[in-house]
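Trainee: Using the sequences and the hints, build the whole thing.
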Amino acid sequence: MSLVFDQLRKRFGTVQALDGISFNVDPHQVFGFLGANGAGKTTAMRIALDILRADSGTVTWQGRDSTELPRRTWGYLPEERGLYPRMQVLDQLVFFASLYGIARGEARREALAWLARFRIPDYATRRAEELSKGNQQKVQFIAAILHDPEVLIMDEPFTGLDPVNVALLKQAFLEMRDRGKTIVFSTHQMEMAEELCDAVAIIDHGQLVVSGPTRDVKRESGKQMVRLAVADDADIPWLADVPGVHVTRPGRDYTELEVAQGIDPESVLEAARERGERVTLFEIADPTLEQIFVERVGAAPPSEEERTLAAPVAPGAGS
Amino acid sequence: MNLTARNAVIVARREYTWRVRSRTFVISTLLLMALGIAGAAAPILITLFVKNTAAQVGLYAPTASGQGSVSVDLAALLTANANPDPKNPSIVVVPVDDLDVARQEVVSGQLAGVLAVAPTGQPGEYGWTYYDNGSPFGQTKLRVQQTVNATAFQVRMLAAGLTPAQIVQASTPPEVSFEPADPSKTAGEGPSATGFGLGFGMTVIIFIAILVYGQWIAMSVAEEKSSRVMEVVLNAASPFQLLAGKVVGVGAVGFTQYAAVAVPALIVLLLQPTLESVILGTTGNASGPATELAAVLTPQLVIVFGAFFVLGFALYAVLYAGIASLVSRQEDLNPLIGPLTMVATLGYLLAAWTMAGLIVLPPAIVDLLSYVPFLSPYLMLARYAAGQAGDLEALIALVILAASTLVALWFAARLYSAGVLLYGQRPSVRNLIAILRSAG
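Residue numbers (our numbering), protein chains in the order written: chain B, 1 to 319; chain R, 1 to 440.
To be clear, the hints were calculated from the coordinates, so they are not data collected in a lab. Treat the hints with care, as some may be off.
In the SDA-like style, the derived pairs of lysine to any residue whose C-alpha atoms are separated by at most 25 Å in a straight line are [claimed, not checked]:
1. B/Lys133 x R/Glu223
2. B/Lys133 x R/Gln272
3. B/Lys181 x R/Ser238
4. B/Lys133 x R/Ser220
5. B/Lys223 x B/Ile236
6. B/Lys133 x R/Gln330
Mentor: Take a look at the structure:
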């Protein structure tokens, strides 16, 4: 039984944050929730967690309505991180866990183990405000999983982390999946979704654009991509003469092309050989999620800078 | 224990332990404790350090020779009139010979003042002049005026040929018997001065608790919102659990602080007679403030006070929390909770002023107002303590207060569940209505 979002609608004043969104998340999967700023991702997540109530529609997990599920079913990492600034890290982790019904002693042990794993064991007795942003985020992640929830809902979990911490968090993510957890996370980093997600949903302006297993979403687009590199020529100018081909990503390392439907991608390789080029890379690939996103939503997902500049306008109407 | 109660207790415990352990709390509590003990011991300390010296007042009365004046011992008369209790004189009359020297002594502080008496030529009539350094409070002046009044009256009587015994008889004030207008009441029952003072003190205690700890709750809610920890907590606990836990937790902190301040102070107060005899070496006054207090502080009054305290605090506290949930940043808090603080203050002032007689309202209005939930913790309590309201009236007011607190709790929980996720919007009345409608 899966996590089912069924016809969710939610309006904030004049803003239709969600306009009849439906999709399924299979259990034990990592599911990516993609959309531009203000698309309705946070609102959908908050409704799943019963922090907000939908105007209509339901969210069910294993057949039970989310409003009836025990709170400890869910682990939640909100986009706006928040800890009690003047409270010690360990104290607040134990506090959060005990709200979910975990015994204090057990919560303490688990919290200390996770802190050690995230390489911040010494910070247990520090006050949260003394920690760097990245370390606060790790504490926040621990707070979300300490009570061993079945479903993890994480809003932009990788934002603001350095590469070392991103790697640590990815590892933890995959371990959670291996432990049988279902993970839903929103992101605007398409490579991250590409790397981690078994399935994705893309939403735009409160409406579902596409959803399904990552591979199917890519194939359904009908796009054929070719990655090509030849020795001693990074520009490959003659590609403009090959019919049905257009360059989507020129690059020093390789050039990416889209091949029109009905044309065999192999024709690109043949054209290279005819010109006597020495091909060092030829790869027929699915389109990236980023390309699908651009094609379906119309613009590239917002950069991190744009995201931080955009102020929230209505409750829950954030991405 | 069900889930709601369990989570509310966990929230309350966090609120409590975190606050009680904080350095500001420990320091402020210790300071208040010291103040409380000092206040309770003040009467002893004052008698210990401030010698009760009577004010020295000079009397300049040149002999009115050859004017046919009655020879009167003015100094003796003035002394007697100034000090109704001869064992504990407050004014000592010192005859002086030179008015200018005496005035200089007043300026330099050796004398409190000089009373110059000049015969007018009429038998028994004098001109009275009092020289002093001027005091804004004028207590001595009032006493001098009263003393001179009585003395001048006696001198006139003497001049008219009355004997001292006749004068004493003529100036003895008659006894006035005060009876209640309500024929169903008998004299003696009803307002007592100690009960009045006690009720006044209790309203002050409730007022301070609402003001100080109510605002703590508001700040705590605003802090959770501005630090964005709210959303994390919200996934684990319902808004109602958060609200209840916060009110109970901060309320317990307030109670702890009160107990820490009140218990030592009360002990000192109760031990006052003993301490007095030990420190001052005098035998304690049997009818000291402690004994009077014990007589008025009946178990019923303690129960009624406790009920008004808890319910009154809860009423204001849940509203503080609900309103505070609407702000995004702590700076925005004050204008929003201002009106509630004003209601709390006005209620207190209304009770204090009405009881002290500073404003006179028709009894029916006062009666009615003391059932109003926001006012009853002050007004009904004060009237009950002073003996102006009975058990039944207090009970009815308490039932109304309890019902209103439940309504406020419902209202605040709704406000809270919508408000906690409201960021970046200025809370307006229209917004508020929309929130209350939409809140699940």
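Trainee: Indicate, hint by hint, whether the structure satisfies it.
Mentor: Structure-based check of all given hints:
1. Annotation: proposed proximity of B/Lys133 to R/Glu223 holds, straight-line Cα distance about 18 Å (limit 25 Å).
2. Distance hint between B/Lys133 and R/Gln272 is unfulfilled; the C-alpha atoms sit about 58 Å from each other, more than 25 Å.
3. Between B/Lys181 and R/Ser238 the CA atoms are separated by roughly 24 Å; this keeps the pair inside 25 Å, and the hint holds.
4. For the suggested pair B/Lys133 and R/Ser220, the alpha carbons sit about 23 Å apart, so the restraint of at most 25 Å is met.
5. Distance restraint check for B/Lys223 and B/Ile236: the Cα-Cα separation of roughly 21 Å lies within the 25 Å cut-off, and the hinted pair is therefore satisfied.
6. Using a Cα cut-off of 25 Å, the hinted pair B/Lys133 and R/Gln330 holds, with the two alpha carbons roughly 22 Å apart.
Hint 2 from the earlier list is the only one contradicted by this structure; the remaining hints agree with it.
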